[in-house]
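K.L.:
If you're matching them up, the sequences are chains A and B in order.
When you number the first sequence by numbering that gives the first Met the number 0, it's gap-free, plus one each residue, and the end is 378.
When you number the second sequence by numbering that gives the first Met the number 0, it's gap-free, plus one each residue, and the end is 378.
Hints may be right or wrong, so weigh each one.
Given that identical chains are not distinguished, each listed pair holds provided it fits within a single copy or across any two copies.
Mimicking EDC-like on lysine to aspartate or glutamate, the simulated pairs with C-alpha atoms at most 20 Å apart in a straight line are [stated by the list, open to error]: (1) Lys295 / Glu376; (2) Lys109 / Asp122; (3) Lys160 / Glu242; (4) Lys295 / Glu377; (5) Lys328 / Glu74; (6) Lys109 / Glu242; (7) Lys295 / Glu157.
Just so you know, these hints were derived from the structure itself, not from any lab.
As the structure is a prediction and not an experimental result, all values here were calculated from the model.
Protein chains: 2
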Amino acid sequence: MPSSQAFHFHTESLSVGSARAGRFHTAHGTVLTPAFMPVGTQGTVKGLTPLQLSEIQPQVILGNTYHLGLRPGDELVARLGGLHAFMGWKGPILTDSGGFQVFSLSGLRKITEEGVTFQSHIDGSTHFLSPERSMEIQRNLGSDIVMALDECPPGRLERSKLELSMARTTRWLERCRAFPLNEHQGLFAINQGGTHLDLRQRHLAEILDLDGRHPFQGFAVGGLSVGEPKEAMNATLAELVRELPADRPRYLMGVGTPEDLLFGIEQGVDLFDCVLPTREARHGRLLTSRGRLNIKNARHRESSAPVDPDCACYTCRTFTRAYLHHLFKAGELLAFTLNSLHNLSYTVGLTRAARQALLEDRFAAFARDTRAHWTTEEP
Amino acid sequence: MPSSQAFHFHTESLSVGSARAGRFHTAHGTVLTPAFMPVGTQGTVKGLTPLQLSEIQPQVILGNTYHLGLRPGDELVARLGGLHAFMGWKGPILTDSGGFQVFSLSGLRKITEEGVTFQSHIDGSTHFLSPERSMEIQRNLGSDIVMALDECPPGRLERSKLELSMARTTRWLERCRAFPLNEHQGLFAINQGGTHLDLRQRHLAEILDLDGRHPFQGFAVGGLSVGEPKEAMNATLAELVRELPADRPRYLMGVGTPEDLLFGIEQGVDLFDCVLPTREARHGRLLTSRGRLNIKNARHRESSAPVDPDCACYTCRTFTRAYLHHLFKAGELLAFTLNSLHNLSYTVGLTRAARQALLEDRFAAFARDTRAHWTTEEP
């Protein structure tokens, strides 16, 4: 158990509506929020060294329990000193529960009350993930923030089945809470319930009932970024977030477009993660303060401009669009690295700028100006 | 034309035999030799940013005239400020002539006295490379060291045909010399002649005849790394190098195994280049002070040791073999970056250490110890 103060959310600024800037502490450092967390699925944020990553100043990075449990194996990582030492990252790390990948990536599976039997996407071997096993893997990895194992129902499950799934997620949460984590680790509970606000509220009530007996260190909203219609998602999110306890971090899982980040921050979300910035980067699609651009487009072939004139990342400080266009066309590895560096700098920078605006009491103007800058034409 | 002193080779130390430490000056900095030059074919040393590359402290890096002339095009690079600005590299750059790639990579071609007609390996389009066009591309790229265009005969051409090829290379050299390069650029002549020492000597005499009228800034030995038997190559090299002028840099093209570098340095070679360190890195084969290791091997799966305990590169300072094994197995981009960073650090470091040993008059012991350290068993 972390000390009760470790994950206490200190609200530093509250803005019009629900947006908030804050901070909480972990054994690997203080986390300043709002914060976008880059995803390092297999023990690396794809294409970036920890040194390059640290220039972006992410407050937290993610590791994936499903991937790392299968390869190289969580026990090996533990023997090598934990995930921080293994991948050379000194800052806070959050690990997911492995649930989402088991339900989306792995092969044939059987779900029982005890847990999930699945086949590895690597070699087809059979594995078992339960609440206890998920906690064990995350304890071995030694992450700062541990996510409870939830059942991840498909986007539009019928209501009655969704209710059964949520009830099981609550029982699994209780088992996760009972598992002895390392002292420095904090456990976050995950709220499910699709786009049904009433189901989400009922699930939250169950979570808060458990929380009253044995506090969680944070609360996450899951399943709101997997194929739901955007408006339904936003409406549910807006209502739900204000009912999450204000004294601990709130994490919206799998969300990472600039538009969604800004909306989430406005609702009072503190933490976000998404593979979008790095995945888009590998396809040559770059996020900028003026909107999205595709570096493959011929119009960038001779451009001596940086990707984003408002960006101070290494890529934008050093290279022209023409060079990045060339690297991508030539299939050079460096294209992926430089594009990822920029997209993560932009995304992490957007949450950092939002925080600064909140602290300076000019968040509404910041959000308005940021949106006004984005154009649908390629910048 | 560079000022006559720019490329003058200052011998700083001469060792037992012919090995030498020295320096010469270019517009982008002083070059300390012996030096291994990393290859940046398409305007990037594969997988490394200029910042990562600068940590390795290469004295010179290479760019490829064939590749860059086709894509993005040398005129575009010129408009964007030259290759240094384009790729963000502030140190000296050497460009090859494009000849080797035209003769090895490109499609159907016709060779005439005027030049070579070839098909692009990218899109099959038809292009023409002549001495003048090679010089023009290299002038547009703005490299510090320009290589003369030579015909690159296949490994075991019959003697009479080889003589015809060499005669043409001499005529092409004269045309290269007549071309007006930028003031800061130095032109290196290339000696050919297979493993026939007498042909190489005859060709060298022709080069030196031209040199007497219009000096070259350096001399290269070509065609000694393309499939020749090692012993024949070494014998020819040993004889030939001592006949190259001592007052200008000597460059052995396409050579880059640790063993060959050490042998070359012993003969009095100053500059080397090879794709081997980066290509091997991308296949998980790592060069170390104890010999070669294959990071894919299961024996490294749980190793908490660095790749090379004697190496101070970022990879060896930061990561275990177990982590690099994991990255490679998982197909992560970062594997290529970290492996390349190490292999280039090792190779550039080997030439730097040789230089230091030469300056401290302990080169023979250095060479002996270095060889004694290499084992054939995987370290």
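K.L.:
Work down the list of hints and note, for each, if the structure agrees.
P.N.:
Right, here's what the structure says about each hint:
| no. | hint | verdict |
| --- | --- | --- |
| 1 | Lys295 / Glu376 | within (15 Å within a copy, 46 Å between copies) |
| 2 | Lys109 / Asp122 | within (18 Å within a copy, 50 Å between copies) |
| 3 | Lys160 / Glu242 | neither (24 Å within a copy, 86 Å between copies) |
| 4 | Lys295 / Glu377 | within (12 Å within a copy, 43 Å between copies) |
| 5 | Lys328 / Glu74 | between (41 Å within a copy, 17 Å between copies) |
| 6 | Lys109 / Glu242 | neither (34 Å within a copy, 76 Å between copies) |
| 7 | Lys295 / Glu157 | neither (42 Å within a copy, 47 Å between copies) |
Taken one by one, the earlier hints fail for this structure at numbers 3, 6 and 7, listed in ascending order.
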